Amino acid sequence: MANTRVAVDVGGTFTDICIMDETTGAIRIEKTSSTPDDPMRAVMNGVGQANIDLTDVSMFSHGTTVATNALITRNLPRTAMVCTEGFRDVVEIRRANKEDLWDTYKDVAKPYIRRRDRLTVRERVDAEGRVLTPLNEDDARRVANVLKKRGVRSIAVCFMNSYVNPENEKRMRDILKEVLPDIPVSISAEIMPEIFEHERFSTTMANAVVSPVVVDYVARLSDRLAEGGYARELLLLHTGGGVMTPNAVRHYAARLAGSGIAAGAIASRFIGNLCGFPNTIGFDMGGTSTDVSLTYQGEPRITKDWYIEYGYPIRFPSIEVLTIGAGGGSLAWQDEGGSLRNGPQSAGAYPGPACYKNGNRTATNTDANVVLGRLGTSLAGGKITLDPALATEAVRSTVAEPFGMELHEAAEAIVRVANANMANAVRLLSISRGYDPRDFALCAFGGAGALHGAAVARELSIPTVIVPPNPGVTSALGCLLVDIQHDFSDSFMKRADQTDPAELEAAYRKIEAEARAQLEREGVGEKDMVITRSAEMMYHGQWRSLEVPVPAEITDVQDLVDAFHAEHEREYNYARKEAAVSIFRVAVKAIGLVPKAELQKHDVSPYTPDPVTRRPVWFDGTEYQADIYEREALTAGAKITGPAIIEQFDSTTVIPPAMSTEVDAYMNILIDTKG
Numbered sequence: 001m002a003n004t005r006v007a008v009d010v011g012g013t014f015t016d017i018c019i020m021d022e023t024t025g026a027i028r029i030e031k032t033s034s035t036p037d038d039p040m041r042a043v044m045n046g047v048g049q050a051n052i053d054l055t056d057v058s059m060f061s062h063g064t065t066v067a068t069n070a071l072i073t074r075n076l077p078r079t080a081m082v083c084t085e086g087f088r089d090v091v092e093i094r095r096a097n098k099e100d101l102w103d104t105y106k107d108v109a110k111p112y113i114r115r116r117d118r119l120t121v122r123e124r125v126d127a128e129g130r131v132l133t134p135l136n137e138d139d140a141r142r143v144a145n146v147l148k149k150r151g152v153r154s155i156a157v158c159f160m161n162s163y164v165n166p167e168n169e170k171r172m173r174d175i176l177k178e179v180l181p182d183i184p185v186s187i188s189a190e191i192m193p194e195i196f197e198h199e200r201f202s203t204t205m206a207n208a209v210v211s212p213v214v215v216d217y218v219a220r221l222s223d224r225l226a227e228g229g230y231a232r233e234l235l236l237l238h239t240g241g242g243v244m245t246p247n248a249v250r251h252y253a254a255r256l257a258g259s260g261i262a263a264g265a266i267a268s269r270f271i272g273n274l275c276g277f278p279n280t281i282g283f284d285m286g287g288t289s290t291d292v293s294l295t296y297q298g299e300p301r302i303t304k305d306w307y308i309e310y311g312y313p314i315r316f317p318s319i320e321v322l323t324i325g326a327g328g329g330s331l332a333w334q335d336e337g338g339s340l341r342n343g344p345q346s347a348g349a350y351p352g353p354a355c356y357k358n359g360n361r362t363a364t365n366t367d368a369n370v371v372l373g374r375l376g377t378s379l380a381g382g383k384i385t386l387d388p389a390l391a392t393e394a395v396r397s398t399v400a401e402p403f404g405m406e407l408h409e410a411a412e413a414i415v416r417v418a419n420a421n422m423a424n425a426v427r428l429l430s431i432s433r434g435y436d437p438r439d440f441a442l443c444a445f446g447g448a449g450a451l452h453g454a455a456v457a458r459e460l461s462i463p464t465v466i467v468p469p470n471p472g473v474t475s476a477l478g479c480l481l482v483d484i485q486h487d488f489s490d491s492f493m494k495r496a497d498q499t500d501p502a503e504l505e506a507a508y509r510k511i512e513a514e515a516r517a518q519l520e521r522e523g524v525g526e527k528d529m530v531i532t533r534s535a536e537m538m539y540h541g542q543w544r545s546l547e548v549p550v551p552a553e554i555t556d557v558q559d560l561v562d563a564f565h566a567e568h569e570r571e572y573n574y575a576r577k578e579a580a581v582s583i584f585r586v587a588v589k590a591i592g593l594v595p596k597a598e599l600q601k602h603d604v605s606p607y608t609p610d611p612v613t614r615r616p617v618w619f620d621g622t623e624y625q626a627d628i629y630e631r632e633a634l635t636a637g638a639k640i641t642g643p644a645i646i647e648q649f650d651s652t653t654v655i656p657p658a659m660s661t662e663v664d665a666y667m668n669i670l671i672d673t674k675g
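Start counting the sequence shown at 1; every next residue gets the next number (the UniProt record's numbering).
Worth flagging that the hints you see were computed from the coordinates, not collected in a lab.
As the structure is a computational prediction, the values presented were derived from the model and not from experiment.
Any given hint could turn out to be false.
Here are the computed lysine-lysine pairs in the PhoX-like style, where the Cα-Cα straight-line distance is at most 20 Å [as the list claims (entries may be wrong)]:
#, residue 1, residue 2
1, Lys149, Lys177
2, Lys98, Lys110
3, Lys494, Lys577
Sequences are here, hints too, so could you generate the full structure?
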């Protein structure tokens with residue numbers, strides 16, 4: 001009987017594989033080099049290196065960068081858009097805003113679909129959903145034949161006001177399918193049924209352009225796994241925090257954009273709940289960037305305001321993750337005003353930090369940590385050796401001499417600037433959203449998260465840091481902890497005080513039927529379906545909305561209004577309870593439960609372990625003889641007081657002076673930053 005679960009997370013440098021034994025909960029890990037030209041090769045290489053018998057695998061979950069990379073590099077198949085006559089430039093006009101308002105010369109990138117491939121037909125639906133002009137089928141067939149001659153690989157159909165009446169869009173799709181039966185067609189009324197035409201058009205465009213790329217990749221990988229003996233569905237992680245089957249990917253390909261980033265947030269939430277912390281801040285620091293996420297009362301913060309490239313929003317619900325250019329390879333530099341800066345420029349995987357011996361001479365965070373003794377002379381179990389002399393020279397020439405500092409003072413300055421940058425990112429996602437960091441635990445993972453986590457937490461007065469058992473592959477672990485999940489929504493624009501509860505209930509029943517049908521198509525049984533409701537609401541006359549939960553049966557709309565006022569108070573620190581409130585959209589989350597394997601739990605026996613060695617480590621200008629531990633030797637109940645360093649295959653944990661730590665029953669390291 002199959003009892004092994006496998007999760008694969010593809011990163012820019014490494015592909016991480018996490019293998020869980022369902023019977024014991026034991027986890028083992030594998031890392032292999034990524035293959036950007038074809039990510040599937042790295043996935044299969046990792047499966048081979050880890051000696052995984054695919055006939056013994058009960059679940060194979062995958063976080064992929066295929067959609068993200070396709071949009072970033074614009075290595076996209078030729079795609080067309082069919083619009084209402086007069087509206088083909090909606091995606092190019094955008095919101096007429098810029099990422100940097102004051103940079104006159106920096107233009108927003110062009111749309112993913114060229115203007116010559118955005119064609120129009122005569123049709124019109126008014127704001128009430130009345131068909132003013134039926135689809136001109138002569139126009140539609142002419143356009144279909146033009147696109148056939150051009151050899152397009154995918155088509156987006158975006159008509160005005162189709163969110164309220166999709167009749168013309170659906171007929172256009174039927175005609176396109178008659179002429180181009182093998183070409184995927186995305187219609188905006190199904191992809192993103194909302195009033196704001198730019199966001200609706202943009203999301204549908206993104207879905208169309210990545211569809212051929214993603215569907216081809218998923219099909220090839222599914223076939224390879226099946227050839228190896230895997231007998232179940234491949235599950236693909238999406239940005240909303242769930243997984244999709246290959247069948248769902250065919251319809252909502254753009255949901256895989258940002259797939260891998262969501263995995264870390266999912267793992268952070270799971271580990272926090274396991275440790276008894278319903279409020280956690282995910283702190284995923286790698287070689288180039290740091291991803292920050294937030295979980296409040298056991299639920300991740302969700303946003304619809306995200307994009308891969310500025311100006312082209314993708315409005316599928318997504319776990320909110322803030323990414324900044326701060327990682328182990330971030331470069332130290334001096335700005336025009338003479339101040340020390342850190343990142344976002346990075347030494348990358350190659351040449352990497354100066355201590356990697358590949359020719360870089362500029363100091364990075366890794367070099368600074370080597371100089372301070374916080375990092376040893378090898379990484380990844382000895383696969384990478386570090387040269388302290390090169391790290392010392394880089395810190396001296398980049399910072400110490402230009403700023404007139406002593407060597408260790410300069411190294412600490414580099415680390416402090418990096419920590420300040422990351423602490424500011426946490427503030428943006430917490431304090432600026434109405435959350436107090438002191439009410440959270442910081443879950444530090446990624447290759448460098450445990451190296452900086454305690455210092456960042458101390459700066460933010462966060463009382464506890466959680467370091468998972470395998471920080472470097474925690475994102476891959478997140479892929480094992482998810483359910484099948486889809487989001488469905490529909491416009492419902494009405495003042496709350498003029499809304500009949502029965503009318504609102506009927507709107508939910510309609511989209512819940514669609515949600516259940518989708519889960520049924522994916523083989524989810526009724527007992528494994530979980531449907532939750534929400535509504536987007538706003539003060540009447542505004543256009544920015546807030547999402548509030550909705551009960552399974554609506555008896556009084558005033559309850560939703562009260563919930564909206566409470567959420568507005570938390571988010572913005574005020575509420576206008578005398579003002580009218582409008583409902584903007586009704587939404588449901590459809591979850592197909594996937595059986596969860598329990599992580600291995602150990603008996604806790606408190607003890608003080610003996611260090612394997614000691615070495616000089618610098619903190620706050622003072623040299624300490626810090627205890628050095630091997631994490632593999634620590635068992636549940638181990639208690640350590642800083643200054644100390646805990647080394648392992650995929651990460652290094654730094655415990656500053658006066659901080660204490662304990663290993664819990666799930667082998668997480670819990671650091672008490674209060675000392």
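Among all the numbered hints in the text so far, which are the ones the structure does not match?
Hint check: nothing fails, all pass.
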